[in-house]
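**Student:** Given next are the chains, with one letter for each unit.
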Amino acid sequence: MNSAALIPLFPLLGFLVIGLFGKQLKSERLIGIIGSGAILASFAIAVSIFFSFLGMPGEERSMHVPVYTWISTGAFTVNIAYQVDQLSLLFTLIITGIGFLIHVYSIGYMHGDKSFSRFFAYLNLFVFMMLNLVLADNFLLTFLGWEGVGLASYLLIGFWYERKFEGTGIVYTGDAAKKAFIVNRIGDFGVLIAMFILFNTFGTLSYSEIAAQAPTVWAPGTAMVSVVTLLLFLGCTGKSAQIPLGIWLPDAMAGPTPVSALIHAATMVTSGIFLIARNNVLFAMSPSTMAVVTGIGITTALIAGTIGIVQNDIKKVLAYSTVSQLGFMFTALGVGAFTAGVFHVMTHAFFKALLFLGSGSVIHGMHEQQDIQKMGGLKKYMPTTYKTFLIGTLAISGIPFFSGFFSKDEILWMGFLNGSPILWGVGAVAAFTTAFYMWRLTSLTFLGEERFDHHHVHPHESPATMTIPLIVLAVLSAFGGFLGVPHVIGHALHIPNLLEGWLDPIFERGMSFLPKHVGDHAMLEWGLMGASTVIAIAGIMLAKSIYSKGTERAEGIAARMKGIYTLLWNKYYVDEVYNFAVIGPILAVSRDFLWKIFDVKIIDGIVNGSASTVGAGAAALRKIQSGVAQNYALLMMVGIIAFLAWVTLGR
Amino acid sequence: MGIDLFGSLPLVVIWLALGGVGIVIQAFVRDNTRLVFGYYISTLIATGVLAALTFGHTGLTFDGMVTMGGSGAFFDILFCVTGILTMLAARPYLQREDSEIDEFYTLLVSAVSGMMLMAHANNLVVLFVGVELMSISFYVMAGFFRKSIRSIEAALKYFLLGAFATGFLVYGMALVYGSTNALDYATITSVVRAGTTPFPMLLAAGVTLMAVGLCFKIAAFPFHQWAPDVYQGSPTVVSAFMSTAGKAAAFSAFIPAFTMLMPVGAGASYVMNMQLALAVIAAVTMLVGNISAVAQSNVKRMLAFSSVAHAGYLLMGIVSGTAAGHQAIVFYLTAYTFMQLGAFVIVSILERENDGHLEFSDYAGLSKTHPVLAFLMAMFMFSLAGIPPFAGFFGKYMLFIAAIDSGFTWLTIIAVVSSVISVYFYLGLVVKMYFSDPVGEGHATNPGTAALTLGVAAAFTVLLGVLPSVLQSMFTAFH
Amino acid sequence: MDMHVLLFALFAVGAVASAVLTVTRRNPVASAMSLVAHFFMLSGLYLTLEAQFVAAVQVLVYAGAIMVLVVFVVMLLNLGNEHRLQERSSLRSVMGTLIAALFAVQVIITLLAHPTGMNAMSPQALTIGTTESIGQTLFTTYLFPFEAVSLLLLAALIGSVILAKRHVK
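Residue numbers (the numbering used here), protein chains in the order written: chain C, 5 to 655; chain H, 5 to 483; chain L, 462 to 630.
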């Protein structure tokens, strides 16, 4: 059997061993080593395949690895088979590589938890399912993984099920898990129907066969291909937390922080991107779907970014940031810049995993405190966490030569080139909010004065199992962008765009359906790049001027200490002016409408509404089920008469 | 003509073992439940083995009254396995409830023999006798806890409504006989296909009434209302047996009967209407079953409604009227039997004093008090909800595909919607078991031989999900 | 032939009338007696169809054995106060009547769809209803269901013993 089949096998074995014998193993170290080792083994195999691919020409970098025949009924066969090519290998490397780091980190983070072994079992299960999702050569196996990661996510969000958790309409973390699960079912419904249509049309669910047949069966732009791709996209909006199904992700932060890093930032939430990238031919055939993807993506990027500004929970800021960044990725896909979208998946995985793990380190050091208004000045207590977090912040903000700069800039540029200047403009505003809230977060957490209670909280740096993954991720966040250097810079510095060359064979066919923009825009691209850099720096500077010296809450604490209070008063007045003139309206819109009304009322309302419809139906049916046998016979008789009339008299 | 002794062996052996030897043993050896239990277990094992041996030996026997081998033999094995698993679970359960008497096993085996008749029937008379043999055994088994009012009520309700439905089944058979002048399947098939009956309307009415009778047995809307009350009131192991093997038996009769009476795309003019009417029944059944289950707070009753919903899914295969649809039914029935039986048996293990400890709230924190049971229950729930990689997923998948292939896309959409609804209560139980704290002291349980039942049910629930081809390869031997 | 038709009509009307009486009589004994009359009418119907064996069995088994049992039970249980058994829900009775009427209309429509008129009785009919020919088929062609019925009776026997047994462990 091909070694690629072993990639998902190791996490499965890890899950089984830890899940079945976790209680007997007792030693946290042993469980940690088994759990992380399983992922490391998969990573090693993926790396070896990667290097063997490098020695081949582009078109041959693809393997079909059949494992066994799953279903075989007449014309319908589904093989469990893996499609190892440039796209799935890239995702596999991200999942296993970052997954390994997060497993190692979890050994420190989950130390002493009563369900230590359960946590690692779930984490391994998640990796197994995620690998199936990306490696599958057909829709059905991907769907299996898709449901599987949903299950693992559900189990992990509700991991501390008895803990209280603040959320909209949510009291316990278990409720947050339920919310995530239910919202995702709506999306899955779309995928399921799309699968049925595809199977009905093509008689197969294999990606390669559908991609090969689709252009001959459907003319590009026909209604059918739009319906299918929109249904698939509905699934993507669920899994990848886009409008209108994005509401679950911020609440998913109820889970342990390594889970937020791995599942709800780096890997699972990007499966929507994967699904579109994998089916780039189908999506490229429907201009209307592409437009919808772009529209949803950019709107989500902007709305989530503005909501991120008002959050005070360190993890919720990052959660809204993740939603916003995913919006960027969809924007890229929507304008046909598939490579740029996948590139951002990669860089985002680096820096967002870093930021989440950094926040976990802070929460760990602050004794489960998550409110950034009660932090500040942690720089001197947690130097490593601070430095790495700072790198993450710079990377996500788009400061030149950090990884986020390259990928985000590529997206904005492609948006301008293939879309319109308006797209670039909205994207730039979203990028501005990113820089702003990220600096606000860093500033309130690590800089300024210490706003926590020294008698109860003694911040300390985290153990090496936690800081080493942070350092590794910081290096990746800083330099990972050089894998996909934009052409203009590459041209000037003589660096090739490695990623584009790598992914080209995957997207070639899809790209052939899209209009091509030829010509030399080098000057324009340089100009826009400069503009977006200025915007990022402006976002940081603005946040710096507002938050470096304190917050409203800092003011509240200061009120009890009169001297400092008066001193700070005037500075606060400046804040007020800013608030009133610039931020106030944005805050008001984002808090009062986007968050409170749009998010809470409209979207939660739809979800709760369908549940209560079922409830009402159940109550009505309960009345009919009276327990009186005569009534049952009566209903039977009515049924018989109707049935008879239909069959004998109906035409 | 005549009798093929080898092919008839499964039927003959279970009859002789029951009516010839079993009764004598019970008459002379008094109060030795252990012996009777062992004897009937061996009877079922022997019958199952013989059925497996005759699997490839297809044809007709007893002057064309019954079929041999093929799907009939497959169902024999399924019934025998279900019977054995139920007996294994029933013994500790009945002992705990202090009502173990030998006749329980006698009735169970006679129900199995009735089911086998239904699966093998090639003549309306045989079908009718099979249905009655199974039903009468069920009526008594439902009322087996004579001191429990609920159990007696269940038995009486089941008997009254069952008799009512049987009336329609016979009426239907009479009309079919009157309009085709035949009782054997082959002749009826040829008349229906050729459309040569002088009384097309009577034939249509007869087929409808037969459908009514069979729909009652599978508990499809609007003939389903007995099921929740009966399954809730009966001893739990009996509910387990009735809702699995009983439903399987009804479908084992439904498939050949409607291959004969509803030849899609040929002959009689009522076929289209019939197909559509059954599709509507299927759709409403799954919606009613699942929506009602949402409102239940009693686990046993929830499982009862879930069994109604599953009848709806299974009917999709009949609606499709294709070989693929029928194979999907067989697959799903097999999967369903193991997962539903497993769930009911867990309920029976946790239950106290017939009616106690059945509420959802009693399952809170089960993962802490009984981790193994909670894990298995979660697995059965996932499978019932149709979540891969468990057996339920495949069955549903095959049924959906069969329905789409015959042009019933709307039915499939309703099936998907109702599956989504069902996730709510199946996973609700899992959430209860895993994400809430136990209330009060968990009581000790001793599953005894029921552990074996659970092991086998769990193994099949996983196996059929991971390696469905094992079962699918058997379908090629069906005719 | 005319005689046949006349007798058939007579017994048919009698059967329906006695069935109605069975359901409507308040007194259980009167109800049971109407049922006996009904069975006799059915037996007469069988005779007009030249089914002598079935007619005889109908009288022996139903009108004889079963009805004796029913009457015994009625007497033993002393079901005097039949008002307690009276249907309380008037809505249900109205619905029931309505549904029954609908069903009757349906049956009539179905039958009217095949106006076959009056056919002469098949000469075969004279021979197939006899005890001899029934015995013939029962022990040859229908041997299998015949044996199966014995199992059915066995199960019913065991079941009734279980349910009626006074002392359960």
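Treat the hints as calculated values from the structure; they're not laboratory data.
Please note that a few of the clues may not be correct.
Partner residues aside, some chain H positions facing chain C, computed with beta carbon under 7 Å [as the list claims (entries may be wrong)]:
id, residue
1, Ser103
2, Ile105
3, Phe168
4, Gly171
5, Met205
6, Pro226
7, Ala281
8, Ser296
9, Val298
10, Ala299
11, Val424
12, Phe439
13, Val443
14, His447
Derived Cβ-Cβ restraints for the label pairs, each shown as a range [unchecked claim]:
id, chain 1, residue 1, chain 2, residue 2, range
15, C, Leu34, H, Leu20, 35 to 43 Å
16, H, Asn450, L, Val529, 44 to 52 Å
17, H, Thr200, C, Ala620, 46 to 54 Å
Within a straight-line C-alpha distance of at most 30 Å, the following computed DSSO-like cross-link-like pairs (lysine-lysine) qualify [to be verified]:
id, chain 1, residue 1, chain 2, residue 2
18, H, Lys372, H, Lys436
19, H, Lys436, C, Lys627
20, C, Lys118, H, Lys436
21, H, Lys372, C, Lys627
22, H, Lys372, C, Lys118
23, C, Lys627, C, Lys383
24, H, Lys372, C, Lys30
25, H, Lys436, C, Lys27
26, C, Lys27, H, Lys372
27, C, Lys30, H, Lys151
28, H, Lys151, L, Lys626
Please read all numbers here as calculations on a predicted model, not as lab measurements.
All C-beta atoms in this analysis are idealised placements derived from N, C-alpha and C, irrespective of residue type, glycine included.
**Student:** Confirm or reject each hint.
**Tutor:** Now the hints, each set against the structure:
no., hint, verdict
1, Ser103, "violated, 24 Å"
2, Ile105, "violated, 27 Å"
3, Phe168, "holds, 6 Å"
4, Gly171, "violated, 11 Å"
5, Met205, "holds, 6 Å"
6, Pro226, "holds, 4 Å"
7, Ala281, "holds, 5 Å"
8, Ser296, "holds, 5 Å"
9, Val298, "holds, 5 Å"
10, Ala299, "holds, 3 Å"
11, Val424, "holds, 6 Å"
12, Phe439, "holds, 4 Å"
13, Val443, "violated, 14 Å"
14, His447, "violated, 22 Å"
15, Leu34/C with Leu20/H: 35 to 43 Å, "violated, 59 Å"
16, Asn450/H with Val529/L: 44 to 52 Å, "holds, 50 Å"
17, Thr200/H with Ala620/C: 46 to 54 Å, "holds, 51 Å"
18, Lys372/H with Lys436/H, "holds, 11 Å"
19, Lys436/H with Lys627/C, "holds, 26 Å"
20, Lys118/C with Lys436/H, "holds, 20 Å"
21, Lys372/H with Lys627/C, "violated, 36 Å"
22, Lys372/H with Lys118/C, "holds, 13 Å"
23, Lys627/C with Lys383/C, "violated, 64 Å"
24, Lys372/H with Lys30/C, "holds, 17 Å"
25, Lys436/H with Lys27/C, "holds, 22 Å"
26, Lys27/C with Lys372/H, "holds, 13 Å"
27, Lys30/C with Lys151/H, "violated, 49 Å"
28, Lys151/H with Lys626/L, "holds, 12 Å"
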